[in-house]
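Number of protein chains: 2
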Amino acid sequence: MPPIITAFERSPDGGKGLARDTRVRWALEEVGQNYEVRLVSFGAMKEPAHMALHPFGQIPTFEEGGLAIFETGAIVLHIAESRAGLLPDDANARARAITWMFAALNTVEPPILEFANARLLENDKPWSAQRLPLVADRVRDRLTQLSRRLGKSDWLDGTFSAGDLMMVSVLLRLKPSGMLDEYRNLSAYVARGEARPAYKRAFDAQLAVNTGQLPRR
Amino acid sequence: MPPIITAFERSPDGGKGLARDTRVRWALEEVGQNYEVRLVSFGAMKEPAHMALHPFGQIPTFEEGGLAIFETGAIVLHIAESRAGLLPDDANARARAITWMFAALNTVEPPILEFANARLLENDKPWSAQRLPLVADRVRDRLTQLSRRLGKSDWLDGTFSAGDLMMVSVLLRLKPSGMLDEYRNLSAYVARGEARPAYKRAFDAQLAVNTGQLPRR
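Protein chains in written order, with UniProt numbering: chain V, 1 to 217; chain U, 1 to 217.
Quick caveat, the hints were computed from the structure, so don't treat them as lab data.
Worth double-checking, as some hints may not be accurate.
Which copy? The list can't say, so a pair holds if one copy fits it or any two copies do.
To be verified - The calculated lysine-lysine pairs, modelled on DSS-like cross-linking and capped at a C-alpha distance of 30 Å, are: (1) K46 / K152; (2) K175 / K16; (3) K175 / K200; (4) K125 / K152; (5) K200 / K125; (6) K152 / K175; (7) K175 / K125.
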């Protein structure tokens with residue numbers, strides 16, 4: 001029995017790959033693990049059956065055998081630890097790759113989410129225009145530091161790892177803002193991630209769900 | 001040689017335990033691992049020597065033998081995986097405990113940080129009073145869900161784990177706001193964490209650094 005993940009029945013982004021199941025799909029594709037998808041509507045996400053799986057009423061979740069977990073970072077780490085392909089064998093290199101996973105999710109993503117919230121949830125507020133540049137600058141602080149660390153390297157710590165998978169996924173949310181283009185090495189880094197065959201398969205799979213159900217725009 | 005961590009020479013909170021080295025100290029105390037601390041000034045944090053260790057110019061870092069990592073979540077996970085006491089032996093229970101670590105850092109902490117930013121960084125802005133309740137409600141959404149999941153349990157998944165260590169640490173930042181008191185089981189949960197001897201030792205150790213260098217208020 002392959003693992004089962006959950007994904008939006010209709011992703012809020014209409015299939016641009018920003019829903020977090022894409023991260024999990026990508027990890028599964030990198031390790032060559034086939035999987036099944038259970039689609040969940042916005043209504044069903046807040047109902048007891050799904051809340052039992054995911055206490056915050058979100059996607060994705062991951063079920064395999066007797067294991068049921070949620071939280072994208074945890075799922076990707078579980079996939080990376082239980083299959084070869086996303087973490088180096090050397091123990092120290094492995095700990096560093098996991099460090100980049102946490103850095104993506106807990107240092108780089110929070111200001112990006114705050115920026116996304118400012119655009120999505122506070123767009124109609126009287127302070128929106130004045131506040132947005134402040135929030136954008138908090139994102140730039142992080143991008144500048146990340147760009148310096150990446151330098152001319154292809155990946156954050158030697159070879160591609162779950163850390164890069166997560167960092168690229170987090171940065172992808174900035175694409176529509178154009179902010180990524182201010183950092184040439186970061187936009188090339190993200191493009192390298194998107195060019196991976198496993199990413200493409202993951203992207204196409206989530207897109208198929210959405211184009212099958214939403215009219216093309 | 002015991003591991004070496006870094007901490008603020010002077011913590012911005014003056015020793016209230018909110019600086020993230022407290023999380024790492026707590027983890028080290030739970031597994032009974034002694035450690036050394038290198039204090040870093042705000043200036044030194046942004047200098048090349050420290051930026052080489054921590055690309056985002058923050059604390060804590062963790063060095064042991066040939067390994068140097070940053071990012072609190074990664075450090076706590078590394079401690080939990082390399083010593084007994086913070087993760088269950090059963091593989092599925094282990095994955096669930098790690099899930100709670102990520103949930104603390106990537107689902108519960110971001111709105112709490114946004115709330116903290118609203119109070120600290122945007123306190124003087126014209127929108128501050130109007131915006132703060134909106135941001136507080138985003139925190140409440142998460143706390144309500146977390147409170148439902150915790151229910152009458154002592155810990156999030158059976159016995160105390162690195163997941164609880166991280167969740168309690170994340171929730172502690174809300175204490176001054178009084179928001180935690182709206183959720184009786186969550187404030188009791190945080191109090192249970194604070195009552196652990198390992199937490200107390202960690203708290204006292206970070207406090208000693210700060211009271212030794214800052215005048216008492």
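Structure-based check of all given hints:
1. In this homomeric assembly, K46 and K152 come within 30 Å of each other (Cα to Cα) only across copies, at 21 Å, whereas the closest approach inside a single copy is 44 Å.
2. With identical chains, the CA atoms of K175 and K16 are at most 30 Å apart within one copy only, with a shortest distance of 11 Å there and 39 Å across copies.
3. For the homomeric pair K175 and K200, the shortest alpha-carbon distance inside one copy (17 Å) is at most 30 Å, but the shortest distance between copies (44 Å) is not.
4. In this homomeric assembly, K125 and K152 never come within 30 Å of each other (Cα to Cα): the closest approach is 41 Å inside a single copy and 39 Å across copies.
5. For the homomeric pair K200 and K125, neither the shortest alpha-carbon distance inside one copy (37 Å) nor that between copies (43 Å) is at most 30 Å.
6. When the C-alpha separation of K152 and K175 is checked against a cutoff of 30 Å, the pair qualifies only within one copy, where the shortest distance is 21 Å, while the shortest distance between copies is 43 Å.
7. Taking the shortest alpha-carbon separations for K175 and K125, both the intra-copy value of 24 Å and the inter-copy value of 28 Å come in at or below 30 Å.
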